[in-house]
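On the provided structure of chain R, position chain D as indicated by the hints.
Chains as they are written, first to last, in the working numbering: chain R, 303 to 564; chain D, 468 to 898.
Keep in mind the hints are simulated off the structure, nothing from the lab.
It is possible that part of the hints are untrue.
List of simulated lysine-lysine pairs, DSS-like, C-alpha gap at most 27 Å [said to hold, decoys possible]:
#1 D/Lys753 / D/Lys691
#2 D/Lys644 / D/Lys629
#3 D/Lys765 / D/Lys828
#4 R/Lys446 / D/Lys577
#5 D/Lys828 / D/Lys753
#6 D/Lys532 / D/Lys893
#7 D/Lys577 / D/Lys598
#8 R/Lys446 / D/Lys823
#9 D/Lys765 / D/Lys691
#10 R/Lys359 / D/Lys594
#11 D/Lys715 / R/Lys446
#12 D/Lys594 / D/Lys644
#13 D/Lys644 / R/Lys446
#14 D/Lys691 / D/Lys789
#15 D/Lys536 / D/Lys577
Computed from a prediction, not measured in an experiment: that's the story for all the values here.
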Amino acid sequence: MVRTILISVILIFGTISILKPNETFAFSGQIVERGAFGDDVIELQARLQYLGFYNGKIDGIFGYGTYWALRNFQDQYGLDIDGIAGPGTKDQLVRVTEFNEDWVHQQIAQGNRFTHYGGIPLAQQTTAAGEGYSSTTTVQLPAKYSERDIQLMANAVYGEARGEPYEGQVAVAAVILNRLESPDFPNSISEIIFQPRAFTAVADGQIWLEPNERAKQAVLDAMNGWDPSENALYYFNPVTATSEWIWTRPQIKQIGEHIFCY
Amino acid sequence: MKSAIYLLSIAVLALGLYSYEVKQNNNRLERTVQAHYSNSLSNASEKLSNLQHSVSQSLLFQDEKALEKELDNIWRTSNEFRSSIGSLPVSQEVANEWMRYVGNIGEEAKYAADFGNYDSWHNRMTKVNQKLQTLSDEWAVATSNFYQNDPSFADWAAITGKETNETPFRNVATNLKSYSETDFPLTASESDWQKKKELQNLNDKEITKDQAIQRLEVLIPGIKDATYTVTQSRRDAAYPFYHIQFVKGSRIGYADITVKGGHLLSFLSERPVQEGNRLSQQDIRKAAEQFLARGNYKDVEIVEMRENHEAWHISFARVVGKGKEKAYVYPDGIQAKVSKDSGELLGLNAMEYVQKETINKDQKVVPVNWENFFRPGTVVEEERLVYTENETLQLRECYEVIARFDSEMNETFRVVVDAENHDVIKVESMH
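So here's chain R without its partners, still in its complex pose (with noise of 0.2 Å):
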């Protein structure tokens, strides 16, 4: 009788595993597509390069690198070429490659430059981060704005106003902004950021404290767009401010303990 079950048992897992032997541990129900970001598009990125299609970094970000290596693997294996990976190619993708999750992910957290080639051991596909390195947060951006564009100005968010409303924090972040644009600034964030006597934390060195995911929230969303000072080039905490000038300008709205104005 034991045995019977036993043998049972087996055959089913058996037949299981025959019938379906690459529907675990592959992409979720979703569909990827261009501006996608993510596990799914790390494992497509990956898969894709697997088969040497896709030859870029291996990030999460599903950006034109990873659209035109889709596209010609679906021109190759005869499926549709729309740049999409709905279920069809997915299917496609893990019939024809491997993917080694837990090895991806854990060098995409430990912020080592590697690669995910087929035919190659993992082990020399990698490098790793060197002493001091820290891997940043990776986020998709508008493109004429840089990882390291984000950070500075994250860093003078939490600095100037880690204490304000979100409302606030994006406001200090348009700001900046605002000033790269007006022709009375130079003409980079960094030489914003660092003009002397331009910003508080920079002086008594708050810029230099780790800021929080709100602060790089409120960049991201300043980044594409909003701008809560209504174009303020200013702002100033009345109770704190020692410059008379700053009192001139001509006054906008307040938010929080900042007065923002041209």
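Structure of chain D alone, referenced to chain R:
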């Protein structure tokens, strides 16, 4: 007693040594900062002198090649000077006035070189040249103290804490302001800056605070019956608006709505987002389109979607024309922020959409032969018509092309080309 005196002496000695060490460190720091400031000041003074010479020399030539070389010099030197001024600890007022005046000279030089407006350049710069000379002399006087044999960091520290009127830069600032007003009344870039404030030209009927809240609740039903705090913009604001702050459950946010016409300028709501749950990109797109339809923004289409950890940022642009003449008006854009977990609208920015651009229907659209335009090995993947601003901030109808190198890395570029004269307006490297 002896032991106490002994211990006290040791403590005083240790304190003395510590103070000496701190003072030495401070001195080193001061010297480093002073050297940096002195270097920036020398650079700025040298660039100013070079700029003045270049402007002066540009008045010599009628020959296009010779003049263009000087114009190029002027544009480059003006940028370098701006950069040097930006790193000096002068007051914001002085820095701003310098940046504007010298930046305007650089922009004029670029404009003259690009469009061949040499007569206009010569006419304008004859006066500017004299004023630059005056400014250069005043700058030399104002900064002479910083070059003395034994300069003190205290000199630098003193000007950082003073109003402009109390510093040696008083005359420079006053003259710069006056020269800017007379020599460059309103440049193209400032005119663009003004455009953002053009909402002051809205002629719609004024609405009340309550109507503003009603308008907001129609657009964003999710915050209906929130607790509101409504204030009005300050008297100096270029256009009056209601600043509505709201709290509802875990949602905290704001919306700015114009007093005239009740147009939503921007809205943002902050709430915790469940990172585990996420809607599909297709559902997010549908949700965003429905929000905009409800807000009566019916002439816009999605041009870009970007997913991040908690939300999607979606860009819309106004669409004009149909069929082959269909074009996206980028300056009339709307941005939406939609949560990944439930598809809730977390933000909307319609400031640029409220003041719509005027389309120049007389501009010609001349097809481009991309095979001749790009080098071999470049593949044009997408092409569409858009309206965007050129360097002189005129709205132009353009071809927007997505092109890539046919190589392993598939490097991709967004290239914007004027549809009439085929000037390249923008090239962006795409991720």
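Requested in this report: Return the numbers of the hints above that this structure violates; sort them in rising order.
Outcome: Failing hints, ascending: 5, 10, 11, 13, 14.
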